[in-house]
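Per our numbering, the sequence shown runs over residues 1 to 90.
Treat the hints with care, since some could be wrong.
[What the hints assert, rightly or not] As a list, the in silico DSSO-like pairs of lysine-lysine whose alpha-carbon atoms are at most 27 angstroms apart:
1. Lys18 - Lys31
2. Lys75 - Lys18
3. Lys41 - Lys75
4. Lys31 - Lys75
5. Lys25 - Lys64
6. Lys18 - Lys64
7. Lys31 - Lys64
Keep in mind that the hints were calculated from the coordinates and are not lab data.
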Amino acid sequence: HAAAAEDISDLAQYNIDKVYEISEKIVEVCKEPVCFEALLKRLFTDYSLTMNFEQYVLVGSTIKSYLSWLKDSGKITARFEDNMLLWERN
Numbered sequence: 001h002a003a004a005a006e007d008i009s010d011l012a013q014y015n016i017d018k019v020y021e022i023s024e025k026i027v028e029v030c031k032e033p034v035c036f037e038a039l040l041k042r043l044f045t046d047y048s049l050t051m052n053f054e055q056y057v058l059v060g061s062t063i064k065s066y067l068s069w070l071k072d073s074g075k076i077t078a079r080f081e082d083n084m085l086l087w088e089r090n
C-alpha cells in the first residue's frame with residue numbers, strides 16, 4: 001500500500017487500465033472454448049502467480065466477475081458442452 005494522497009487520479013487511471021488489460025487477456029484466452037479451471041490456470045501461469053487455496057478463491061471469484069461482465073458486454077459467450085461450462089470469444 002502507498003501513503004495517502006490528495007490526488008488519486010493517476011492511481012484510479014492505473015486501476016482502470018489494469019481492468020481493461022486483464023479483460024483483454026481473458027478474451028484472448030477465450031479465442032478457443034475454455035472451461036473456468038483451464039482459464040484460471042492459464043492466467044496464473046501468464047501472470048507468474050502461484051496457486052494456493054486462498055488465491056484460488058480470491059482470484060477465482062474476481063475472474064468469475066470478469067467473465068460475467070464480459071458476457072454481459074457481448075465480448076464472450078458461455079455454453080454448456082458435456083455438462084461443462086465453456087467460455088468463448090464472440
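- Query: What are the numbers of the hints the structure violates, in ascending order?
  - Reply: none
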